[in-house]
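A.B. asks: Could you build the full structure based on these sequences and the hints that come with them?
Each chain, written out:
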Amino acid sequence: MSTFAPALAILAKDVRLELRRVESLATMTVFAGLVILIFAFVGDPTPADLARVGPGALWASILFAGALGFERWFAEEERNAALHGLLLAPVDREMLFLGKWAGGTLFLLALEALLVPAAATLYRLDLGGRWAAFAALLIVVTIGYAALGTFFAAVAARTTASQLLLPVLLFPLSVPLLLAGIEGGQALAAGEAGDYRDWLGLALAFDVLFGTVCTMAFGTVIEE
Amino acid sequence: MRWLPRSWRQFWSTLDGRLYHFLVDVRPWIGWFAVGTMVFTFGLVFWWVPLEAVQGYPQKIFYIHVPSAWLAYTAFGLVFVASILYLWQRSRLWDIFARCAAEIGFLFTTLTLVTGMLWGRPIWGAFWTWDARLTTTLILWFIYGGYLLLRAFARPGADIGRIAAVVGIIGFLDVPIIHMSVLWWRTLHPAPVVMILDDPGGGLPTSMLVTLLVSLSSFTLVFVYLLIQRVWQERTAENLDLLETLLDRTDRAARTKGRIS
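As given, the protein sequences belong to chains A and B, one line each in that order. For the first sequence, position 8 matches number 8 in my numbering, and the numbering has no gaps at all. If you want my numbering, it's the position in the second sequence, counting the first as 1, plus 224.
Hint data in this document are derived by calculation from the structure and do not stem from the laboratory. Take the hints with a grain of salt, since some may be wrong.
Rough simulated footprint, nothing fancy, chain B against chain A, three-plus residues with beta-carbon under 8 Å [stated by the list, open to error]: (1) 90-100; (2) 183-190; (3) 197-208; (4) 211-219.
Computed from the model, here is a short list of chain A residues facing chain B with C-beta under 8 Å [claimed, not checked]: (5) Ala82; (6) Val155; (7) Arg158.
Values in this document were obtained by computation on a predicted structure and should not be read as measured data. Just so it is clear, CB atoms sit at the ideal spot from N, CA and C, and this is done for glycine as well.
C.D. replies: This is the structure in structure tokens:
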């Protein structure tokens, strides 16, 4: 594990920061909850509609809240020129990315732990007891989304409108993950194991490809 | 740009190769040739090629729509290649080229979407359907729109060319995955009639295929013309910037000198 020590150090630092200021994660959760609330107003849904809109509302809220979070978690490094300190440290750029990526994944999963039960209750989502399989899908999709999100937060930080640009860059590229989350979850609810495995596989392939590419390209983006 | 001093031409050496100068010199000819073939194309489309039996006039949009779509994808392929070359060689040419190709690709994607919608209204009965190809093209439009916005919002002093190159590569790598995911999601677009492997061009009558190929050539000429024009403009703008800084510097140096003596 010693090779990953720098990444773990960054992760530990980020976790400590978030735990000392729970407000920011709490605000994100409230924001995501509000997105779920707003979706309940879309098209005056009947109980049957709710179950159809539910997965979309859940993933949209994760997507939106995530975009806010990634921007914030990276902006944290820009304050007091902390990023310069990190860049000066004799540590591979890849390690910096792995640490930030792991942090983003962890925070997003924490948010989802609150969000998924809430959405399931409010939208009467029924997975027929296949919660473990759903958790696996959730984790795989979140890992991929955090990779892209962390990477593009670094990209957007090099502009004068990072809060505006991050979602614009991130959302179109995240479409496969969004579809995997929504469709995979619905296949699970409908008991179509084959379809579920296809979507899970797609999300996994996405994670591997973009996890690798983003890790490799991170150095190119953050260096001055 | 021949009035630039020799040493500065050396500075922009990658943008001053013989090929570049040749292309810049023949640029007006390419432009006029493009206009000519475009007029010819429209002549073919409206007077020569027979009316399609089922769809009637709306089918003629096909001759604009398909070349636009092909060239849009070509442009994004060029962005991808130029981005890799820029990260590898760090020559200004590839940065400028990637940016200009993205702009023109964005333009042609817009054209593809608009002509597709105009066709969809009479044929499908709706301007838009969430079919796999339409959705992929729309996502593509957003990706490269974001790419251009990223460049537009660059923080002063940031090496945005390098960052944009990475985004251009990642964006292009994502396109097949996006297409596959959206394809699994749904599909309605008419199946390809030209690029069928076992029977190239087989799905189309000869007159329609000829018209399509002529149209493709004229659109390609317009594409090439716009690309050279934009690269030349961008390069001229960069050279002007450089000259301005230099003049500023020599001016200031001269004034300081005057004050001392």
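A.B. asks: Evaluate each hint against the coordinates.
C.D. replies: Results for each hint:
1. 90-100: violated (count 0)
2. 183-190: Coverage by chain B is violated here, the residue count being 1 at a Cβ distance below 8 Å.
3. 197-208: holds (count 5)
4. 211-219: holds (count 3)
5. Ala82: Hint on A:Ala82: violated, closest Cβ of chain B at ~17 Å, above 8 Å.
6. Val155: At about 6 Å, which falls below the 8 Å cut-off, the nearest Cβ of chain B leaves the hint on A:Val155 intact, so it holds.
7. Arg158: 4 Å, holds
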